[in-house]
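Residue numbers (my numbering), protein chains in the order written: chain A, 667 to 789; chain B, 73 to 593; chain C, 29 to 479.
Be careful, since some hints might not be right.
Unchecked claim - Within a straight-line C-alpha distance of at most 27 Å, the following computed DSSO-like cross-link-like pairs (lysine-lysine) qualify:
1. Lys189(B) - Lys90(C)
2. Lys183(C) - Lys82(C)
3. Lys557(B) - Lys725(A)
4. Lys583(B) - Lys725(A)
5. Lys403(B) - Lys82(C)
Simulated from the structure, these hints should not be mistaken for lab results.
Listed below, chain by chain, are the residues.
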Amino acid sequence: MARYFTEEHEWVDVEGDTATVGITDYAQEQLGDVVFVEVPQAGADLTKGGDAAVVESVKAASDVYSPIAGTVVEGNAALEGEPELVNSSPEADGWFFKLTIADKGELEGLMDAAAYRAFCDDL
Amino acid sequence: MSQINQSGWKPGTPMAAKDAGAHPTVTGNKALMLEEPLIFEIGDSDTYGVDLAETHTDLPSRMGDFARKSDIGLPGLSEPQTIRHYTRLSRQNYGIDLGLFPLGSCTMKHNPRLNEKVARMPGFLDVHPMQPIDTVQGALGVIDELAHWLIELTGMQSVAMSPKAGAHGELCGILCIRAALEARGDARKVVLVPESAHGTNPATAAFAGYTTEDIPANADGRVDLEALKARLGPDVAAVMITNPNTCGLFERDMKAISDAVHEAGGLVYCDGANFNAIMGRVRPGDLGVDAMHINLHKTFSTPHGGGGPGSGPVVLSEALAPFAPLPFVDKDADGNLHIVEEETVGEEHGSSFGRMTAFHGQMGMFTRALTYILSHGADGLRQAAGDAVLNANYVLRRLDDVLHAPFGASGPCMHEALFGDEGFAEGLSTLDLAKGLIDEGFHPMTMYFPLVVHGAMLIEPTETESKDGIDQFVMSMRSLAERAKEGDEALKTAPHHAPRARLDEAQAARKPRLVWTAQSE
Amino acid sequence: MRYLPLTEADRSTMLDVIGAPSVDALFSDVPSDLYLDGPIEGLPLHATEMAVEKHMRSLSKKNLAAADAAFFLGAGAYRHHVPATVDHLIQRGEFLTAYTPYQPEIAQGTLQMLFEFQTQVARLYGCEIANASMYDGSTACWEAVAMAARVTRKKRHVLSGALHPHYAEVVRTMAKFTEDEIAGAELSMTPRPDDDGLIARIDENTASVVVQYPDILGRIPDLRKITDATHAVGAKLIVVNTEPVALGALEAPGNLGADIVVGEGQSLGVGLQFGGPYLGLFAISDPKLTRQMPGRLCGETVDADGKRGFVLTLSTREQHIRREKATSNICTNSGLCALAFSIHMTLLGEKGLEGLAAENHRLACIAADRLAKVPGATVLNEHFFNEFTLMLEGDARQLVRDLAEDGILAGVSLARLFPDGDANGLLVAVTETTTLEDIETLACALEEKLS
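The following block holds chain A by itself, in its conformation from the complex (with noise of 0.2 Å):
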């Protein structure tokens, strides 16, 4: 399995067809804590950089977009009841969706763990 960040603070785990996104330790500490996450349904096609989720802290709300195109599979239903698991567990059971990959050429964008460490420190 591989893992992938963007410049988004997002993380994509793939695994085959499949990947999971989520939001970064770093992203969930910026935000504070979160009170409210907006995952898409399953079935719904989202296209790279497009709207895919909301997360909402006391504080903000940002939109989480999509690292990559692809067709979503399952939201985490989890979040809804514990909007927390985000800040508790940003980087496992805090995931936002999981989608079916429609051109893994996408990935190749996108940073691995040393350089999403990289791209943090220099902010």
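Use these hints to put chains B and C onto chain A, whose structure you have.
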């Protein structure tokens, strides 16, 4: 027990000594600071505090089978209980009447009580909006007289009086702009808004069907004129500018900005939230503004009332005046006032973009604002702006050695002084300082706005503060700034002396409980 | 100037600290050719409290106050007796001069009141959630339409022809800019509202159906029937109420299937005030749609010591955070009017509201029976609460003007509201403030004018 309130404590519950802090009381009260339960916990459906009409049991009903069959669930209280309930609640609030309220961009000035007295004259309070116009000449007279003042003070052509508050006025102005552009067959799509703008600006432009783009600022906190000029073109419908801007600075290039926008075929909207700084000193009309809303609840002292009602008349240039919404007050040849509304609109006002609200606007605010304006007169208003700016500059210079003033070198500020959190100890924030201010007996300043300054603190003392009052505030701020820089742990949990400690906003938003239900027992 | 505390000595000390020679020098960023160096010419100078009061009183005296007339106006603004307690309490400085409660540690008074208000409104409307109020009924009506469009992702809205024409006009005006389609209809001058006509206009593309209850003519639509037809196509039923006292007698719209209930709260606590400020009420039946609601919301939480407290919440929906993606561009609510409403409602309680509604209806029935006996006048309504439509043999608009000269404010002529509509209709509202003598005065005057 509700999930939110884990301990289950609410006013009326006996307090265990261990939970009650130092010098415990069983009620949780602290002498003059009284805890108060909800009406749902102390009232019931059989209690009331009014005179009920004699019960008529053999009433005819013309309500068919639409009559109510279930209980509503409304608790009542007797009159003495009602007085106590709300009086106790009121004492948990801060207000201008208590002390300095330095909320930047909000102009929390003294609310004169003459305004209240006048608004309650029966001829204003007890008049129906649809009475025949011969019976409301005085009410129309108030609207007409206030409109005259607003037009003269701003140097504009006309004013739309009906918008209900600032954001509503802003929408009115942008809709006038869109109507004017459409009338000339010019479908422009973009509205330019400075990064430092209040969030209503982009929200309003988006509602009116425009996409917004940021106008860049220059290093001294003002609009970058050259960058703006470079962006202007046939797709730009309008620019929305706040002047004085949200960094508390006067936009020196305002006239040049307006000229450039007009030359490119666009229109200029000015957010008038900060008009208090310049009334009687410079007229927006002379600066080339086409539309500007005026917050009567800021500049003209109508009370904020814990969040409204406001009132947001919009002054309009000659280019926009024909598109103003209905209704408005007009004078006929004999000097009699009448209302131009759907019934009487006729040909000459056919380009009005429509109606924004039922009836005629915030009459109760008009009477208060006019009373305030007449009290000051043209000289007093000019003096008020001067004192507001003087007070803000005094705060700026008394604090700029202990707090970072990002635009301190950009010339005098207008009615508000802006600081950032540079130099605060690790782990201490603007929020902590603000909560410390509560313990010192002041309302916090505007925080984290404008977004362009890190940890922004925007302080607007207004002209109605005395020098002694400001000196007290400055003393508190200097002490708090030192504590924030030293990393005083106690500041992180302030306030310590308010009716409540910091409230858990995350919990409130995660599991919203917005109405009372019996399950919370 | 009595509101400006700085003395000349203060000013000069402060200018020294600032390092500026004069107050004028602080305006050095204003272009000198545009800077006003003295009071604007042609405007009066400052005046004493006594002089201003005298001037305002002279304007006030040019109005005919409702208390000085036999008074029968309604049409979205109703005259009720407001207990003295209400006005006393809302003038406490801690309520009157407070800001929006963004600092909850020192705003629990406003916040607890809003939480109580939201609960009162939700219960009155038979809904689950209510917000902390909006500008007025007409703007709340538009916000409901916009919310229905967001939720259903459709853009067609079916308006009852008997919706208050100002409300309909606000919706039409706003819809022009959002490109929503508004399907309106002519007002039907029938004893019962044209529910079937309304239902016939609902189709698969419909986002919302907007119906007033009681309607502009005082009639009572059959909400159950309209609910079924609305929900059958997946649309939202928006019920508008302009007279909350009516809900002390009529079934709550939420209990009859309404999805969104909005209205004007002015009747309780606020007073007539020539049309504003008023109080927009907004409630919904499905809590899952809370985040799609416009306006401020107050919620329960606890403080760091575990004590119950209240905060404004879900504010990320609002413009100051969401900017161009906000649910509405509105910032403010109508806080002080909400307080007045809530206090009045607390004084009434359930029993008081029922009693008040019964008294209104009793007097309205007496008035309708008496006026129906006037030759040349007939009552249109089959059903009504405290307002009904009188059909006259003659121009109602002129009649209203003529009667006003005799100190009788007879009602609102339909022609004032519907310029193209029926010239003979007169809306007559009767509340607990109407006396039997007032009713007799109006009846006799009509008899004289119509003979």
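Outcome of the hint check:
1. Taking the CA atoms of Lys189(B) and Lys90(C), the gap is about 17 Å. The hint holds against a cut of 27 Å.
2. Taken as a hint, the Lys183(C) and Lys82(C) pair is broken in the structure, with Cα atoms around 52 Å apart against an allowance of 27 Å.
3. Between Lys557(B) and Lys725(A), the direct Cα distance comes to roughly 24 Å. Compliance with the 27 Å bound is thereby established for this hinted pair.
4. At most 27 Å may separate the alpha-carbon atoms for a hinted pair to count; Lys583(B) and Lys725(A) meet this at roughly 16 Å.
5. The straight-line distance between the Cα atoms of Lys403(B) and Lys82(C) is roughly 24 Å, inside the 27 Å bound, and the hint therefore holds.
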